[in-house]
Structures are given as C-alpha cells and as structure tokens.
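A.B. asks: Sequence:
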Amino acid sequence: MERAWSTSDGTQELGTLFPGQLLSSDQSTAQFLLRHAVHQAREAVRKRSGGPFGAVIVRRLPAAIDESRQPLVEVVAVSHNRVLELQDPTAHAEMVATREAARHLQRRDLSDCELYTSCYPCPMCYCAVIWAKIPRFWYASESEDAAMAGFDDAKLHQHFRSSQGVVGLKEERVYLAEHQMPFKEYIEALRQGFTELY
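Residue numbers (my numbering): 343 to 540.
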C-alpha cells in the first residue's frame, strides 16, 4: 500500500507507483494521483530529462474490489517529460504516459483509463488524449502557470483558432487530385469488415 509522509520542508514524500500496481479507491483519489503526477514533474527537473511535467494513467477495474468492497484501479503508466533526455520534441509527459499505457495494455484504445497530469495538456497532448479515447483527465496546474515558467503554448492554442498559423511557421495547402483516396480506402476497408483501422 502506498504511503505518504511529511518531509522537513512541509511537502509530502510519496511512495513509488508502477505499471501493474493495484490501488484501492481511497488511494486512487484525484488528489493522490495528481500528487504523483506533480512528483513526476519534479523528477523531470531533478533528472534534467525534460520540462516540469508529469503524468499518471490508471485503468478503472469496476469488477475488482478490495476488502472494503471498493473498486480497484490499476496503474498503467507513470511518466514525466523526457524531451531533453530523448531529444524528442513530442516526448511530453502525457505523450510518454499514453505510449506506455498502450504498450502495457497492448492496445491503443484507452477508453477505460483516466489521465492525471501535473498541468493542463498542451494542444498536442490534448489531441493524444482524444486519439487514445481517454474519456477523462484531471490536471493540477493551468497552462498560465506553465507560461510563467517559460512554457507558453498560447501561440499553439491561437493557431487552432486562427487561419494565420503559428508565427514563424509557414503553412500552405497543396491540392492533390488523390488527396481523398486514403479516406475512401479507409471507408471501403470498413465496409469489408476490417475493424482494426485507426
């Protein structure tokens, strides 16, 4: 069972979460899991592996109950930002966690999972949550908090709301006669019963 204890600076130290670990419902509160996400964010800074962002993904197990008849959750991913470590601009905490969860569960559909993240997701991570079909996420900090630390994704959010694009990034639509072919082939494959497209 995970335990938390106070340190001399008044913060609470957390035990370790790991994929496959089962938690009872009293352990899997949003506050508890968000504290682990924030801990992971701090680890990213300590390890110099990336920005100060962390994430935890759990899978709800409604049929599994603990001794007090409360539902259990399974930890499926615990991660932090690894952009610097991997030299990968997409290795944000939520992206790494989503990839780890999919590998752990051996499937891309995470619709029975929930995300706990140290900060409101950037647009890329938000889209990954949608693509993974994660139905719900919790976050500890607002994107404005990240902006104060120099992680300002406001221009990305503005890009989605305007046709001018991100400053310094050139965008141009190129028309190809076959531009709809992939979609047509996808629909045809679905008609033929192929269901593993995504």
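Don't take each hint at face value.
[Claimed, not checked] Derived CB-CB ranges, DEER-like:
| no. | residue 1 | residue 2 | range |
| --- | --- | --- | --- |
| 1 | E427 | G357 | 21 to 29 Å |
| 2 | A531 | E486 | 25 to 33 Å |
| 3 | L498 | E409 | 43 to 51 Å |
| 4 | G492 | Q534 | 29 to 37 Å |
| 5 | E484 | A531 | 14 to 22 Å |
I should point out that these hints are in silico values taken from the structure, not numbers from a laboratory.
This structure is a prediction, so every number in the text was calculated from the model and none was measured.
Glycine included, C-beta positions come from ideal geometry on N, C-alpha and C.
A.B. asks: Quick one: are E484 and A531 within 14 to 22 Å, going by C-beta?
C.D. replies: Hint violated: Cβ distance 42 Å, outside 14 to 22 Å.
A.B. asks: With respect to the beta-carbon atoms only, verify the hint that A531 and E486 lie 25 to 33 Å apart.
C.D. replies: Taking Cβ atoms as reference, A531 and E486 lie about 44 Å apart, which means the hint is violated.
A.B. asks: Take a look at whether the Cβ-Cβ distance between G492 and Q534 falls inside 29 to 37 Å.
C.D. replies: violated, 50 Å
A.B. asks: If I claimed the Cβ atoms of E427 and G357 lie 21 to 29 Å apart, would that claim hold in this structure?
C.D. replies: holds, 24 Å
A.B. asks: Go ahead and decide if the range 43 to 51 Å is satisfied by the Cβ distance of L498 to E409.
C.D. replies: holds, 46 Å
Hint check: violations occur at hints 2, 4 and 5; the rest are consistent with the structure.
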